[in-house]
Amino acid sequence: MSRNHVHVVAAVIENEANEIFCALRSATMKLPKLWEFPGGKVEVGEDAFTALKREIKEELSCEVELADEIFQEVIYDYPTFTINLTAIKAKLKHGMPSALEHSAVIWLKPDYLETLNWAPADLPIVEALQKETNGSQL
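Be aware that the sequence shown starts at 1, since it is given in UniProt numbering, and climbs by one per residue.
If you're looking for bench data, these hints aren't it; they were derived computationally from the structure.
Watch out, some of these pointers could steer you wrong.
With a cut-off of at most 25 Å between alpha-carbon atoms, the simulated SDA-like pairs for lysine to any residue come out as follows [what the hints assert, rightly or not]:
| no. | residue 1 | residue 2 |
| --- | --- | --- |
| 1 | K33 | I106 |
| 2 | K89 | P32 |
| 3 | K93 | D77 |
| 4 | K57 | K131 |
| 5 | K89 | E14 |
| 6 | K53 | H94 |
| 7 | K53 | H102 |
| 8 | K109 | E73 |
| 9 | K89 | P79 |
| 10 | K57 | E19 |
| 11 | K53 | P110 |
| 12 | K109 | P79 |
| 13 | K33 | N4 |
| 14 | K41 | F81 |
| 15 | K131 | I70 |
Okay, the calculated beta carbon distance ranges per label pair [as the list claims (entries may be wrong)]:
| no. | residue 1 | residue 2 | range |
| --- | --- | --- | --- |
| 16 | L116 | G45 | 11 to 21 Å |
| 17 | H7 | P32 | 19 to 29 Å |
| 18 | E127 | G45 | 10 to 20 Å |
| 19 | H7 | P79 | 15 to 25 Å |
| 20 | D77 | N15 | 17 to 27 Å |
| 21 | Y76 | Q130 | 12 to 22 Å |
| 22 | T28 | N134 | 33 to 43 Å |
| 23 | T115 | G45 | 34 to 44 Å |
| 24 | Y112 | G45 | 33 to 43 Å |
| 25 | N134 | D47 | 13 to 23 Å |
| 26 | A99 | N18 | 28 to 38 Å |
| 27 | K41 | K91 | 19 to 29 Å |
| 28 | A27 | P120 | 15 to 25 Å |
Glycine included, each C-beta is placed from N, C-alpha and C at the ideal position.
Please model the complete structure; the sequences and the hints are all you need to start from.
Given below as structure tokens:
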């Protein structure tokens, strides 16, 4: 039996206070009540950057400016599907994020990200952000 593979994108949105935007998946979503970096599925014909801009506008009702390169790529096997997650750093361009599809949202310093209960595929991104932050403080 072949596994279902899903390609998704996630925005690592950082504000001027060097805080990262985190979103809590709602009770009606797959992987409910886990924290994630906002984003969604890449549609046919889209690249990761185009998909992420579209998803952020749909989910958070704001616009972001994306970094030129991918921050992290994660492949994670959930019990019923495999996720290929592409994370890209972003800054707010227009508007403030609103929790249209999520139960809650929060801005956190990278050192505090581990205090949240993350979706497993997002954990390597959390770890990379913490390493990056700790490395820059040496």
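- CB-CB spacing for N134 and T28 relative to the 33 to 43 Å hint: This hint holds: roughly 36 Å between Cβ atoms.
- Within 25 Å, alpha carbon to alpha carbon, are K41 and F81? Measuring from Cα to Cα gives roughly 14 Å; hence the hint holds.
- Query: Does K57 pair with K131 here, judged by a C-alpha cut-off of 25 Å?
  - Reply: violated, 29 Å
- Message: For K53 and P110, compute the direct alpha-carbon distance and say whether it is at most 25 Å.
- Response: Distance ~23 Å between K53 and P110 Cα, so the pair holds.
- Query: For the pair Y76 and Q130, does the Cβ-Cβ distance stay inside 12 to 22 Å?
  - Reply: At 18 Å between Cβs, range holds.
- Cβ-Cβ distance between H7 and P32: within 19 to 29 Å? holds, 21 Å
- Can the suggested window of 13 to 23 Å be confirmed for the beta-carbon pair N134 and D47? For N134 and D47 the Cβ distance comes to about 31 Å; the hint is violated.
- Task: State, for the Cβ atoms of Y112 and G45, whether the hinted interval 33 to 43 Å holds or is violated.
- Result: holds, 38 Å
- Range agreement (Cβ of P120 with Cβ of A27, hint 15 to 25 Å): Holds - the Cβ-Cβ distance for A27 and P120, about 18 Å, lies within 15 to 25 Å.
- Task: Note whether the CB distance of E127 and G45 lies within 10 to 20 Å or breaks it.
- Result: violated, 32 Å
- Task: Assess, step by step, whether the Cα of K89 is no farther than 25 Å from the Cα of E14, and give holds or violated.
- Result: holds, 7 Å
- Query: Taken at face value, is the distance from the CA of D77 to the CA of K93 at most 25 Å?
  - Reply: violated, 33 Å
Checked against the numbered hints given earlier, this structure breaks hints 3, 4, 9, 12, 16, 18, 20, 25 and 26; the rest are met.
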